[in-house]
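Chemist: Protein sequence lines correspond, in order, to chains A and B. Under the working numbering, the first residue of the first sequence is numbered 303, with each subsequent residue one higher. Under the working numbering, the first residue of the second sequence is numbered 160, with each subsequent residue one higher.
Simulated from the structure, these hints should not be mistaken for laboratory data. All residues carry an ideal CB built from backbone N, CA and C; glycine is no exception. Hints may be right or wrong, so weigh each one.
Here are some, though not all, of the chain B residues that point toward chain A, as calculated from beta-carbon distances under 8 Å [stated by the list, open to error]:
no. : residue
1   : GLY216
2   : ALA223
3   : ALA263
4   : ARG266
5   : ILE273
6   : ILE277
7   : GLU346
8   : ARG348
Pairs of lysine-lysine residues, derived as BS3-like cross-links and limited to a Cα-Cα distance of at most 27 Å, are as follows [claimed, not checked]:
no. : chain 1 : residue 1 : chain 2 : residue 2
9   : B       : LYS271    : A       : LYS337
10  : B       : LYS320    : B       : LYS280
11  : A       : LYS312    : B       : LYS320
12  : A       : LYS312    : A       : LYS337
13  : B       : LYS313    : A       : LYS342
14  : A       : LYS304    : A       : LYS337
15  : B       : LYS196    : A       : LYS337
16  : B       : LYS275    : A       : LYS312
17  : A       : LYS337    : A       : LYS355
18  : B       : LYS294    : B       : LYS271
19  : A       : LYS312    : A       : LYS366
20  : B       : LYS294    : B       : LYS313
21  : A       : LYS366    : B       : LYS313
22  : A       : LYS312    : B       : LYS313
23  : B       : LYS280    : B       : LYS317
24  : A       : LYS342    : A       : LYS312
25  : B       : LYS317    : B       : LYS294
26  : A       : LYS357    : A       : LYS337
27  : B       : LYS317    : A       : LYS342
28  : A       : LYS342    : A       : LYS355
29  : A       : LYS312    : B       : LYS280
30  : B       : LYS187    : A       : LYS366
31  : B       : LYS280    : B       : LYS294
32  : B       : LYS294    : B       : LYS275
33  : A       : LYS304    : A       : LYS357
34  : A       : LYS357    : A       : LYS312
35  : A       : LYS366    : A       : LYS342
36  : A       : LYS342    : A       : LYS304
37  : B       : LYS280    : B       : LYS313
38  : B       : LYS271    : B       : LYS313
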Amino acid sequence: MKARVNVTLKPGVLDPQGAAVRHSLGSLGFAGVDKVRQGKVIELDLTENDPIKAKSQVEDMCEKLLANTVIENYSVEIL
Amino acid sequence: MRAAVIQFPGSNCDRDMAVALNRFTTKKDPVKMVWHKESGLPGNLDLIAIPGGFSFGDYLRCGAIAARSPIMNAVIEFANNGGYVLGVCNGFQVLTESGLLPGALMRNSNLKFICKNIQLKVETQSSNFTSCYSKNEIINTPIAHHDGNYNADKDTIKELKDHDRIAFSYVDNPNGSMGNIAGILSENRRVLGMMPHPERLNDPMLGGIDGNRLFQSIYETLVTS
């Protein structure tokens, strides 16, 4: 079973990388981009076959390592 | 003083830290270097230092992997029992990731790695790491980091200010840190995390000695206690 974790910065946390990407998009002529927020995607191959158990395991992984919940939110998709 | 320096793959200020600390240890009992895979610490330690560097290549987040390495359980237990812990640069990132200090260190606001000498303001004299400085004194210290932008929620920043837990602040904020914060103390004031490198400016041959008084402070605390 595969899982995909999306880690994003919490609203209100300054994202200088997102701001730099937005600026660069503007200089390439892509007008109308108000805001860019950059995050990361982590894909996991799991031995667990039960999607409910798998989701709960991955959420535990997010709390303990994959996300820093001081500054980041996460969401888990079981694929 | 009995001290240990924790070494992770990618630590690169570990030996500088040991040299700085060994000014205050005895020849018979010098600083112990402790590899991250160890599960226990040497006995009767007074101070643990977590050095600068790029532990685990800064993968995932700076300090994130190091904070979950086997030795950190022992370091957290040591701190929870009232032991002194100093984290410098990557060591500060490891301390926030391990939950020993609040907040997080994010990418510098200008997105650049900054390596230069800067001025720091000593915000409090009332800690055993800063007792040999004067409050509001301006000192020189080098910084060398890409992720030193201190970030925490409003309540945490207020708590740090209200309880005099900001140890050092930047005179001219180089990295976007909230409240110009360069270094903070734990609630019991025995864990200090800071981005600047006191161990790099503790000898006239290195261009200054302002960093040395941090180690002197903790040494004097220990010999008089």
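Chemist: Does LYS280 of chain B pair with LYS317 of chain B here, judged by a C-alpha cut-off of 27 Å?
Modeler: Given pair LYS280 of chain B, LYS317 of chain B holds - Cα atoms ~19 Å apart, limit 27 Å.
Chemist: Keeping to a limit of 27 Å between CA atoms, is the pair of LYS294 of chain B and LYS271 of chain B held or broken?
Modeler: violated, 31 Å
Chemist: Could you grab the alpha-carbon distance between LYS317 of chain B and LYS294 of chain B and see if it respects the 27 Å cut-off?
Modeler: holds, 19 Å
Chemist: Grab the minimum C-beta distance from ALA263 of chain B to chain A and call the hint holds if it beats 8 Å, violated otherwise.
Modeler: holds, 5 Å
Chemist: Within a Cα-Cα threshold of 27 Å, do LYS342 of chain A and LYS312 of chain A meet the stated pairing?
Modeler: holds, 13 Å
Chemist: Between LYS317 of chain B and LYS342 of chain A, does the CA-CA distance stay at or below 27 Å?
Modeler: Violated, at about 30 Å.
Chemist: Check the hint pairing LYS280 of chain B with LYS294 of chain B against an upper bound of 27 Å on the C-alpha distance.
Modeler: Holds: LYS280 of chain B and LYS294 of chain B sit about 8 Å apart, inside 27 Å.
Chemist: Given the proposed pairing of LYS312 of chain A with LYS320 of chain B, does the C-alpha separation stay at or below 27 Å?
Modeler: Since the Cα atoms of LYS312 of chain A and LYS320 of chain B sit roughly 23 Å apart, the hinted pair holds (cutoff 27 Å).
Chemist: Hey, does the ILE273 of chain B contact hint survive, CB to chain A under 8 Å?
Modeler: Hint violated; ILE273 of chain B Cβ to chain A Cβ min 13 Å, cut 8 Å.
Chemist: Assess, step by step, whether the Cα of LYS280 of chain B is no farther than 27 Å from the Cα of LYS313 of chain B, and give holds or violated.
Modeler: holds, 22 Å
Chemist: Within a Cα-Cα threshold of 27 Å, do LYS271 of chain B and LYS337 of chain A meet the stated pairing?
Modeler: holds, 21 Å
Chemist: Go through the hint on ARG348 of chain B and say holds or violated, using the shortest Cβ distance to chain A against 8 Å.
Modeler: violated, 21 Å
The structure shown violates the earlier hints numbered 1, 5, 6, 7, 8, 14, 15, 16, 17, 18, 26, 27, 29, 30.
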